[in-house]
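Please model the complete structure; the sequences and the hints are all you need to start from.
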Amino acid sequence: MFNTNANRPDVLWRRVYLHTFLYFIYLTLVALKFLSKDFANRIAEKNVTAQIVIRSVGIGREFTFYDGRLSSKRGVNDNVDVTLEFSDCFVAARLLTPPINYQHQIDAQKNFQLKLLGPDELTYHFTQIMIATRRIGWRFGTKLANGVTRYTTNTNGGPLFVHVKNEEIIRVTPIDFDSSDASSWTINARGKFFTPPRKATVSPHALAWKSLVYSPDRILTPLKRVDFDPNGDRNCHNRGESGYVPISWDEALDIVAGEMKRLKREAGPGAIAYSHGSHHTFGNIGYQLSAFRRFSNAIGMTEVHPNPDSWEGWYWGAMHHFGHSMRCGAPENYGTAEDCLEHCEMIVFWSSDPEATNGIYGGFEGTIRRKWLKELDMDFVHINPHYCETAAYLGGKWIAPKPTTSPALGLAIAHTWISDSTYDSDYVNEKTVGFDKWKNYILGEEDGIAKTPEWAAEESGVPEKDILALARKWAAKKTYLAAGGGNGHGGACRNATGTQWARISVCLMAMQGLGKPGINFGFMQWGAPVNLRFYFPGYAEGGIAGDLEHTALSVHLYQRMPQLPAVNTVTQKIPKLSLPEAILEGEAEGHPWNAKTIEGQFTRFKYPAPGFVPVQMLYKYGGSIIGTASDTNRYVKMYRSDKLSFVVNQSIWMEGETKFADIILPACTSMERWDISEWAGTHGYTQDSQSQLNHRVIALQHKCIEPLGQSKSDYDIFVEIMKRMGMSSYFSEGMSDLDWVKRMFDGSDLPDYISWKKFLKKGYFVVPAEDEKLRPPVSFRWFSEGKKKNIPEAQPLPGDYTDEFLSGLQTQTGKFEFEASSLKRYDANDPERPPIAKYNRAWELDEEDYASKYPLQLLTPHPRYSFHTQADGKDSFINDIDDHRVEINGHFYWVLRMNTEDALERGIQRHDIVKVFNDLGAVLCAADPTERLPRDVVHGYESSARYDPIGEPGNSVDRGGCLNLLTSKRPQIKKSHSLASSSAIVQVELWDDKEEIETDASAAMERAAAENRVMEGSHE
Amino acid sequence: MSNKWNLIVDVDECINCYNCALAVQDEYAEMEHPGYTAPMPKHGHRWINILRAERGKFPIVDVSFVPTMCNHCDDAPCVEAAENNAVHKRSDGIVVIDPKAAKGQKHLVDACPYGAIWWNEIEEVPQHWNFDAHLLDEGWKEPRCVNVCPTGALKSVKVSDLEMSQIVKDEELETLKPELETQPRIYYKSLKSLTKVLIAGTLEKVSNGRTECAADIHVSLSQSGSPVAESVTDEFGEFKFDGIDRNSGAYQLNLMCNDISQKIVDVDVKNESLVLELDI
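So the protein sequences, as listed, match chains A and B.
Its first residue numbered 1, the first sequence is counted upward by one per residue in our numbering.
Its first residue numbered 1021, the second sequence is counted upward by one per residue in our numbering.
Bear in mind the hints are in silico, worked out from the structure with no lab data behind them.
In this text the structure is predicted, and so the values were computed from the model without any measurement.
The C-beta atom is built at its ideal place from N, Cα and C for all residues, glycine as well.
Take the hints with a grain of salt, since some may be wrong.
[As the list claims (entries may be wrong)] Sample of chain A residues at the chain B side, in silico, Cβ under 8 Å:
hint	residue
1	178
2	243
3	392
4	468
Written out as structure tokens, the structure is:
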């Protein structure tokens, strides 16, 4: 046995050291109390006695904090409030000696060598006092003239400087780099040199942040619904209509913790579910995948399982032909900016509007590079029912298929290439399998219908001559395909034929030699030559989640920033798109978002899971779902049911969905708390998404101002709830959000380049561009040249290679599979998703109502000016943008664009209030007649943050602008968990406000319910 | 000669992102800059106002965005119309409205022929975008709208009037409503989307019984026998002539294949762009 005899020399000197060190801690605390007012205030908050004890050798020191005074004495006293206990002096010496080694600290906790004992209320307080000693000398921000301090932050639209004067944010500006920031890269192509400007461009919603912080819709105190009594009548049916009364934090948190305990005890495991939007305010510590995941896992909650909402068609479709499961079926995208500039002759933008959607989080970085394309002699085609922002900027040929018919267009292009023998037959022969089968289908040998341009013209409304001209031009020119708003997400992959379209897109590229110079996926949005070797974690790595299963934490960050794991004991999950059915009908089924391998999507899960109970409580984070999910009156009805006995919403603003909660916990914005993040730094399914940027920027997110009102950071709210659950030490590891920020800084490559103290002041770091020789090769070039995969992404997983490691694609054959072996294995006879990519007309075009009642197709793409619901509504500056909302008689109406002649026929003029409706509901919008849409297509963005029913919630006209009230809940294909909500069939008419619209809408709703049942019945 | 501020707006580079207008809101909405501006109302004012110019008809459309704002005219009607010297021209070219002296002078809103002065009901003052004078006086190198513009569509230059006139010449810059002779300091590049119309069209032909796009057809545009412009149809059979004066009357399009005239089409240009569907 290991000898821990107290008199051994190596023990003895540690004993002396520890005695001295504990005394030194005391001296430090005394000094801090005199030097720092904040610290003096902190110790005055609570009276507490605490000791640090090394148990095996009986060394200890007691600290007493009483009315702000501090005293200390040597010795062990187990009658104190808080004990920080080390098992022996080896552990103690190792852990107490700075700098803190978190790997050692976590190990010691796992081995029960380090314990923190005492009531939760005091343990966190004590660790925070101890940790405060590390913050000596920290200074934040940069002083400017006139009493202004410049802080930094990061947003979904890019990083910002935040100017603060007298505790008030006075402006936000983009970050302009200075001469001390790293230099930029240069691309030499076609005899020209291209280098980006020295700034970080931001999206419009980033510039709205001041108005969001000071929004009148901020929730500034905890609220309780007036007619909600946790011990009596809950009046669930009044949710959405009843008002709120302010309550204290203690009351609110006691109710929330009390309800969680009650449901665990009375109902059983699984009764509490958590749900959040797909995004969050930026920041790796406070992100929903970080702090919220750690919290929900620690409690044990039913997951509302997300669908790959931006990738649908690629995840459920394209992946089967060429792999990339860990990118959700979207293609790799390294080195494409340089290749595109040097070799590409034409870009086909297909349902792609990067000037509106900015890739993902990318500011206008890609726009700057597309500007270079205009300097080169490059052709552009825009296949899009809307003459979109990118078309307006770049110009080029506009081809406008009827929404959902793009797959037919794609097949006709393939038909032309086959007929003209203008595809890359060598490539197809060598690198692909199954082409003959697809060819037979296209030529009509399988079903008797040749997929000719003439056939596709009939289907899509695009003239045959244009299809023919497009196909021929595409074959003749080295072409990049810009498919969707990202590199394989957004756009048409989110409508009823999304899987078909994404599948046909990749098949077309394979026919033309994907990976050869100038032939690839992209549109200068991705693949810029930034230095991707520099490590800084992305939000999908889970931050502090401790979740090794459902985030990318285990890949990298867990080793870099060791932390206590957090495992959700409730394995039951609800498919997000069927949440209302799960609650109201008690049953739901879905397919998982499991992108580890192609087959991950094939398992089917059921709710409720065996042994778990139905959900009764919803812990909801924010309020986006009515604007962003499909057929969203369903969610309203769910909220108004007593099957949900308790709903808590933790939210910054009072948004459309927030007002359906019983208790509302006011969270502060990311500008009122500490965080750290990288611009567009995601990792996970969009690994290396910083290649959208011209410069990688890592930002400290300063706590620019104190939280407004009584609002608190999400993290602090969780700590408070965890105190009531006895888990605050476990949850927080004794850390505040700022302490976690420091841990993440230390876990990244930043300390090699910038000191912590400099980073605290300056607030951002520009990652130096790397040597030209180190730039990654072009995506798919390796594949087209028959080499091993040589691009810097560790995917697919080693077991997914068929031949040697790094040889070939992720498919079973390792080749591009026109006939997907995964689909043959899974369900070769699935008519919705056959092994070869086919065209099935969208159900909405086959509905009788389309011919009669609802002759217009509604497009609902991702919004341009807001980031989903973020920066919309809330009295945001964005509301004043006429292309976003229009103020009419005091209401800010959502904009609906329609063809001028469609408008004329209906007597509709610019900024008239119109009712957009179908059997699912009705939404009021401001009309905007335009020539940018063909006849019979109307366009309004998804993601209204406001849900403003004029009458009964769930059964009346919405003035807020939630066009997703009108979109179908049907998945793209049954064997999936996918939304198909980016198009719908509707009618539009002038709104006569004298009409009794509530009655009308109710009748329509009843009819819809009846028809829905019929549809569902025949569907199954 | 002292250097003065000018703003150059490149219409071709404006993507309608509204960052410039948002920067104005961020800087002025409900925020006072003593000595410069009273707080701007949070909603309703458009000190930078982006006009959308749509030309053509489906399937050939052309969309441009034109940011407009106070023109900081050297011969500014508002300066003239103001009482108590409430509006004055600074030596750096910037026109400023004194929020105190201008109180109650609602008539200044109508004095501006560009609609760039806004009436603030709450503060009872006329307001405009003053080039962010308070920031420039603090040492900022450019106004905020330029700082936030991602594409460089807005560019501020502080040069002598002589240098500016050379830039205007070199870059073929224009001003809004030059006929008013107010001497604006906001200059535009590619203003034709706002001021001129298009003659555009698609050509198709029948080949082997199939209708196809007629590519590589020479299209020459002439008026009263004088050649105006030449174009060649692209792979989609499209051609486009820009910069045609509104209401400029009758034109002839001569469609030529291999130097042989196939067809002559007469058009009459009125106030709107023309999109023709032609066959040969």
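Evaluation of the provided hints:
| no. | hint | in the structure |
| --- | --- | --- |
| 1 | 178 | violated, 12 Å |
| 2 | 243 | violated, 25 Å |
| 3 | 392 | holds, 4 Å |
| 4 | 468 | holds, 6 Å |
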